[in-house]
Amino acid sequence: MTQIAVTDQTHVLHEPHSFVTRYIWSQDHKVIAVQYAITAIFVGIIAMVLSWLMRLQLGFPHEFALINPNAYYQFITMHGMIMVIYLLTALFLGGFGNYLIPLMIGARDMVFPYLNMLSYWFYLLSVIILLAAFFVPGGPTGAGWTLYPPQAVLPGTPGADWGIVTMLISLAVFVVAFTMGGLNYVTTVLQARTKGMTLMRMPLTVWGIFMATVLGLLAFPALFVSAVMMLLDRLAGTSFFMPELVSMGRQMPHSGGSPILFQHLFWFFGHPEVYIVALPAFGMVSDLLSTHARKNIFGYRMMVWAILAIGCLSFVVWAHHMYVSGMNPYFGFFFATTTLIIAIPTAIKVYNWVLTLWRGNIHLTVPMLFAIGFIFTFVHGGLTGLFLGNVVVDLPLSDTYFVVAHFHMVMGISPVLVVFGAIYHWFPKITGRMFNERLGKWHFWLTFLGAYAIYLPMHYLGFLGVPRRYYAMGDTYFMPESAQALNAQITIAALIVGAVQILFFINVIWSLRYGARADGNPWRATTLEWQTPTTPPPHGNWGAQVPEVHRWAYDYSVPGAAEDFVPQNVPASTGEAPR
Amino acid sequence: MNIGIMLALIGLAIGVWWVLLQKFRAKPWLQQGVLAEPLHSATFYPPQLVGLGVFLAVVMTLFALFAAAYHMRMNVPDWVHLPLPPVLLLNTALLVLGSIAIQAAWSAADHGHDDTGTAEARAERWRRARFYLQWGGLFAFAFLVGQLAAWRQLDAQGFYFSCSPASAFFYVLTALHGLHLLGGLLVWGKTALMSVRVDGAERAPAIALNIRLCAIYWHFLLLIWLAVYALFAFT
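Residue numbers (the working numbering), protein chains in the order written: chain A, 1 to 579; chain B, 1 to 235.
Each hint should be verified, as a subset may be incorrect.
Restricting the straight-line Cα-Cα distance to at most 20 Å, the calculated cross-link-like pairs of lysine to aspartate or glutamate (EDC-like) are [said to hold, decoys possible]:
no.	chain 1	residue 1	chain 2	residue 2
1	B	Lys23	B	Glu37
2	A	Lys195	A	Glu481
3	B	Lys27	A	Asp555
4	B	Lys27	B	Glu37
5	B	Lys27	A	Glu548
6	A	Lys195	A	Glu548
7	A	Lys195	B	Glu37
8	B	Lys190	B	Asp110
9	B	Lys27	A	Glu576
Since the hints were derived computationally from the structure, they do not count as laboratory data. Since the model is a prediction, treat every value here as computed from it, not as a measurement.
All chains, please: the whole structure from these sequences, using the hints.
Listed below in structure tokens is the structure:
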């Protein structure tokens, strides 16, 4: 059967004709990306406010009547779930993935635009169901973001009536939405690359998003399975996860279910999820560092291999989240070993980032500041991960603030710094306007230093043995009074860091209207998205002719070239150093 | 899962890794010019086919995870075996017939849109393709009706949904499989409607591709069903 490769097809698909098809029921990947990003950031703000409320309780216990123990647990649960899934996953893959994949590989759109549109609307539906939990009797679930049974569905846990049901349905809908988007991202990368764009010429951003999507497609079914089974336990009286038990003096109808089974399923999703968030961040940071240091990425091949290795390994480490649940010592040994092995490709990436900076022509632009900030926070969070990967170290630390500090550094602060860096970096392309540099720098320094003011002391609290998940500490002999003072300081820092994010929103809104007009390639970058004929790119991205790719994505400061960058679509010229 | 399986998995991972390394050994910083790729040749896979392949991987993961959960749950002492109603054998046969019919439809359609042969011969091939396509869908419908009958029989024998873990797993897995088949029937319905008016040659490749996608999906769901059936019959 003969057919024409996607990039060579000349007819324009789904040309929008009205406001509604252009901006609302849009099938254009760029519009869908912005829809995803706005929705994700909106729920992210809600989750941030929830974290303020938690911090207020921890820093100043019993000062706020609004925050009772039930509310506190509900805030924890919603904060965690929103941040990990509805903000970061959706923003990195639905937002950046949608915007950047077609532009960076030289395609006119995703290969299945209609499915892409459905993906966003299902995502929005899942967000609406999630937020509906705030308005149902009993409020949202307070089972913790891991939703461990049996407590998640037992009376006594906040939201055990309705909150858990809406949460599980919302997650299932999210998985459906993600699958539709993910099919698109993978197929587009495999099928719609323009002429000359081989896999090994793709920018690392695309590699990161691609691998993260593959992980998501294979990991989210585990979340779907566990959500469906727990929903049936809760609503239909089955016993997948529910053991025989007496709750509040009443014999429950369940018998013989296995709560540990849920933990396996959840973490089979939950650990790859860390890399679903991290890999796109790795990719983008590589491109940001290379562009703003005017130097090719160090060890491109190694970077691609590391992304693949991390992706594969991330499926064989999940039980390191379950050391405390107890397991065969050989399993503990196995999972500790695989966990530590992941440090190798990850460390390779960190070394390569640092070596990319070494003797580069570093421009401390706002995106660059965020990218360098990411290296700090990521190394920091990664190293504490090595502590926690060992069974014997994990057991005493697992239920303390050390873990909270660790994962917020590594998968909270680090990806969020990349998100900001990436938004500042691609803002001129998305909107056609430059942002305010000075405001951006204030935003960076306050966020970066503020994040350390929050999470560095938390490690120390963890060493002191301050337990996480507690609504209030009470009088505990092993905790000195200074621990409470530290908690109050953390809360103040958290309030400030949260509040300064307003600078970002002011910057975006102000620049949309008053920012200087950006030319097509303000960072003088090599990758294809900066070479579109008009900025912002129109529907179909490339006008009459899609670009052809003649070189890899990192030809910065090539000896003999006229400028310090050579875009990917520029043919080899005279004067350029021979390869 | 025992240590042996783990070691086997590690071995498999190393093998996959080695293959990947072979594929990704290019040195892109040394290469210049437009590099030819099979992607841009006329015989490369259409995106719909690749998309379906990715989707099948996701569905397979979904069912594999259910099977793993079933396996883990089975080892708890209160496990009660579920007697399978005999109608399932008939259903299996229906699904096999559906797969055969739709495969015949594809092989007719695959030859139906190339330009060789007379117009009559082409029309005859499309007539055959339509005929088999319709039967492929009807067998799938019959399978779903048979599954409902199996549920009713089980229910009548007292094996209702939440009576035992094996029973709950059975209902969930068959429902999930049925839902996937229903989704396939949507595409099948669209294809069947499209194939009624196939005379214009320009639409023929798209219809043939749709039939091919349906055929792959039917075979895949047959395999999943056989695995589900084996899971309940032999454990």
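Results of checking the hints against the structure:
1. B:Lys23 <-> B:Glu37: Status holds; Cα separation ~13 Å.
2. A:Lys195 <-> A:Glu481: violated, 66 Å
3. B:Lys27 <-> A:Asp555: holds, 13 Å
4. B:Lys27 <-> B:Glu37: holds, 16 Å
5. B:Lys27 <-> A:Glu548: With Cα atoms ~19 Å apart, Lys27 (chain B) and Glu548 (chain A) stay inside 20 Å; holds.
6. A:Lys195 <-> A:Glu548: holds, 5 Å
7. A:Lys195 <-> B:Glu37: Holds, at about 8 Å.
8. B:Lys190 <-> B:Asp110: holds, 18 Å
9. B:Lys27 <-> A:Glu576: With Cα atoms ~18 Å apart, Lys27 (chain B) and Glu576 (chain A) stay inside 20 Å; holds.
Checked against the numbered hints above, the structure breaks only hint 2 and satisfies the rest.
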